[in-house]
Amino acid sequence: MEKRGTKPKPLAVLRLRGKDGTRARVSADLPAKPGAPECPAWLSKNAKLIWVDMVKRTVPLGILSQHDRDALAVHCDAVDDYAAACRTIQREGLTVQGKFGTIPHAAVAIKTAAFSRMSKTISYFGLSPSSRVGLGKGARVKDDKESKNDFMQTG
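For the sequence shown, position 69 (counting from the first letter as 1) is numbered 335 according to my numbering, and the numbering increases by one without interruption.
Hints should not be assumed to be uniformly reliable.
Said to hold, decoys possible - The calculated label-pair distances, taken between Cβ atoms and stated as ranges, are:
id, residue 1, residue 2, range
1, Pro300, Val362, 41 to 49 angstroms
2, Arg353, Lys299, 32 to 40 angstroms
3, Ser397, Thr361, 20 to 28 angstroms
4, Leu360, Ser382, 17 to 25 angstroms
Because the hints were derived from the structure by calculation, they are not lab data.
Bear in mind the structure is a predicted one, so any value in this text is a computation, not a measurement.
We treat Cβ as the ideally placed atom computed from N, Cα and C, and that holds for glycine.
Using the sequences and the hints given, assemble the complete structure.
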């Protein structure tokens with residue numbers, strides 16, 4: 267069971283938001299040197315491309331470290347699954363003919379599950395509007411058109 271309340275923010279994020287992090291904290295950050303973790307070999311080709319893009323966007327902010335490898339891998343895999351499901355739906359439609367009539371395409375459930383996984387990891391890396399608030403002027407994130415074109419065209 268998860269703890270209740272607001273999740274504590276990493277010290278690097280607090281500093282980007284202009285806070286010095288001197289207020290008493292229940293637990294200290296892991297002593298993690300900022301930098302890009304090694305990309306897992308098990309990621310798909312498209313997920314590895316997403317990994318490279320994510321690293322380029324988050325390393326300059328100083329909030330990515332070796333400890334973030336698994337969370338970043340889950341996020342990249344979810345984005346890849348989401349994009350693949352979107353491409354399938356665009357190609358084949360939202361519904362298919364089943365034994366008892368029209369039913370939702372299986373890609374709709376895959377897209378929904380991938381979105382759920384993305385939603386759980388996206389704020390860790392400053393990729394949602396609420397997680398970007400106050401991160402500073404150096405935190406340029408690709409606009410929606412650039413990101414959509416990058417991920418929807420691969421595959």
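A quick look at each hint next to the structure:
1. Pro300 x Val362: 41 to 49 angstroms: The hinted range 41 to 49 angstroms holds for Pro300 and Val362, with Cβ atoms some 47 angstroms apart.
2. Arg353 x Lys299: 32 to 40 angstroms: Given range 32 to 40 angstroms: holds, Cβ gap about 38 angstroms.
3. Ser397 x Thr361: 20 to 28 angstroms: Violated, since Ser397 and Thr361 (Cβ atoms, about 35 angstroms apart) do not stay within the stated range.
4. Leu360 x Ser382: 17 to 25 angstroms: At 18 angstroms between Cβs, range holds.
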